[in-house]
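Chains F and P supply the protein sequences, listed in that same order.
Residue numbering for the first sequence follows the numbering used here, starting at 117 and increasing by one per position.
Residue numbering for the second sequence follows the numbering used here, starting at 5 and increasing by one per position.
The set of hints was computed from the structure by calculation and includes no laboratory data.
Some clues are possibly wrong.
What the simulated footprint calls covered on chain P by chain F, stretch by stretch (three residues with Cβ under 8 Å from a Cβ of chain F suffice, anywhere in the stretch; the number is not a length) [what the hints assert, rightly or not]:
#	region
1	243 to 254
2	307 to 320
3	445 to 458
In the SDA-like style, the derived pairs of lysine to any residue whose C-alpha atoms are separated by at most 20 Å in a straight line are [what the hints assert, rightly or not]:
#	chain 1	residue 1	chain 2	residue 2
4	F	Lys-126	P	Arg-369
5	P	Lys-332	F	Pro-198
6	P	Lys-268	P	Ile-303
7	P	Lys-332	F	Ser-207
8	F	Lys-204	P	Asp-290
Glycine residues also receive a C-beta, built at the ideal position from the N, C-alpha and C atoms.
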Amino acid sequence: MSQFSDEEIKHLGDLSRIRLSDNEIHKMKDELELILESINSISEVSKLDIKPTSHPLPLTNVFREDEPENSLTQNEALSSAPKAIDGKFMSPKILGEE
Amino acid sequence: MRDLIYKSASELNELLKSQEITSKQILDELYEHIEDVDLKIGAYLRLSKDEAYKTAEEVDNARTKGETLPELAGVPIALKDIVVTKGIETTNASHILEGWIPQYDATIVEKIKNAKMPIIGKTNMDEFAMGSTTETSYYKTTHNPWDLNKIPGGSSGGSASAVSAFEAPLAIGTDTGGSIRQPAAVTGIVGIKPTYGTVSRYGLIAMASSLDQAGPMTRSVMDSALLQSVIQGHDNRESTSLPDFNPDIVSATKDGQKMDLTGKKIGVIKELHGEGFDKGILDNFDKSVSLLKDMGAQIEEISMPSLKYSLGAYYIIMPCEASSNLAKFDGMRFGLRVEPKDIPITNESMMMETRKEGFGWETKRRILLGTYALSAGFYDAYYMSAQKVRTLLIDEFNKAFGKVDALICPTSPTPAFDLDSKFDNPVTMYKQDIATIPANLAGLPAGSIPNGLTNGLPSSIQVIANQKEDEKVYYYLAALEKAIKFDNSQNPYYQTTKGEI
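Construct the entire structure; sequences and hints are all you get.
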């Protein structure tokens, strides 16, 4: 009984921006299935009328005064850049060849 | 001759204050010892000798001038490589951050620097803190000092081994599902996770933002109390940082050391004392329970049925939050960038290739799992359910703490197992965290101390208290520590006089 298809795994890879080889897709499919099998019982809880908790000690409206503070200089911010030009991060083009 | 490496941080603190020793002397001995043993243990990814000696010099000079210095000034510390350190390479044990030199310090590093504690180096860990054995590190394997063929635990295995093998008097670890407490448990040291929000997460590379917390890893409860006192406190750069919470855990530790628990009620968690737990672990746990009774405590069994959902809830919430947090590693502004060679290079194809090359298998697996659980159609069944489990657990814990002062259970279901154990099902590994996960889900303070040996390997006991009751965790751990008198002389790296192994 297969919960996932190869296409679904590839799609998850695309959504996560992780390129997967065919072998990796197969391996991932088997392993994710095993993991989900073990934790599927958790869906029993979805029907219960309970308020979900996103943070164990919730704080609200955590703001600071709207006053300028120090930030990284442009050089500092670029210092780890894989590629930088003219004070900007250099990125490969966004639209590919068609 | 090396004496100083075997001393606790508290002892070193006193010797430094009375000027019987210098911080430089401690560093000299530590670095010599690390050179002797770390090739076998593999606790450290890199050492920061220049920075450390500079801090030691400042401290030693200030002392001779009679200046008053903060507690622990001059006591060296190791930092898990998840902690961002300005000017010192920080990798999170991943290929994707290889060579990254941060431009800023984590808040806890600022605090450690203000306390003038020399930073010895950065310790090994599971990549992106994903694991319970430190084996997913891109760079090296860390070995358990008690038996080099065994795991040091994870994800803070490097920090645990460093402290256990006397390569550091203190270390920082981080804990999302047990990553301080479980390595502490299998290496026979003290590891404590504070209440969520006690220690600032600013500058800790985020794994699961609603679960992560940094904490001390040490060889005594007092050492942990002293270290947590340095790193805790509100940080206005961190929006989950509790506004006004500075527990006096040093006093709580001193109180606990008096060993008088008359009238105190302690609960043994029923679901964490039976199936799935090694017999040797349970036997030692029961002995610890007897010691608590000897000190006057009343022991009650507390059942928490929702615990059966906690592993599932954690292995949904953590990958979901991590899948979001790890989106920033995209080859754009820092870290690794890899361009594909067989398809056109675009912004997107570069990201996909970079993350393919840069992330290890466990990391990819958890990102994909999280992406799946958050996707339309599955969000309710998985992520929403997991968040409901959190509510159930918090309620059950609140009810339990209405009856008892603190809860106890073994920290790890088994002692350290072999490195390179190939489990067919990933979940077998995930079950190592069964006793530690609940405290993260509910934001509770929890700590572990060694309570004996089983087949020559350390076993441990965990104390859990309600939110913001960190003082109780330290109080009970301190009492237990005195009562148990854990015999560290069985530790292969323990030597009283000569530094020969």
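Comparing the hints with the structure gives:
Under the rule that three or more residues need a Cβ within less than 8 Å of chain F, the assignment of the region 243 to 254 of chain P holds, with 4 such residues. Restraint check on the region 307 to 320 of chain P versus chain F: 7 residues with Cβ-Cβ distances below 8 Å, three needed, restraint holds. Coverage of the region 445 to 458 of chain P by chain F holds [criterion: at least 3 residues with CB-CB distance below 8 Å; count 4]. Among the hinted pairs, Lys-126/F with Arg-369/P is consistent with the structure: their alpha-carbon atoms are about 13 Å apart, no more than 20 Å.
The suggested pairing of Lys-332/P with Pro-198/F holds, with an alpha-carbon distance near 14 Å, which does not exceed 20 Å. This hinted pair checks out: Lys-268/P and Ile-303/P have alpha carbons roughly 9 Å apart, not beyond 20 Å. Proposed proximity of Lys-332/P and Ser-207/F is supported: the alpha carbons are some 15 Å apart, at most 20 Å. Taken as a hint, the Lys-204/F and Asp-290/P pair is broken in the structure, with Cα atoms around 62 Å apart against an allowance of 20 Å.
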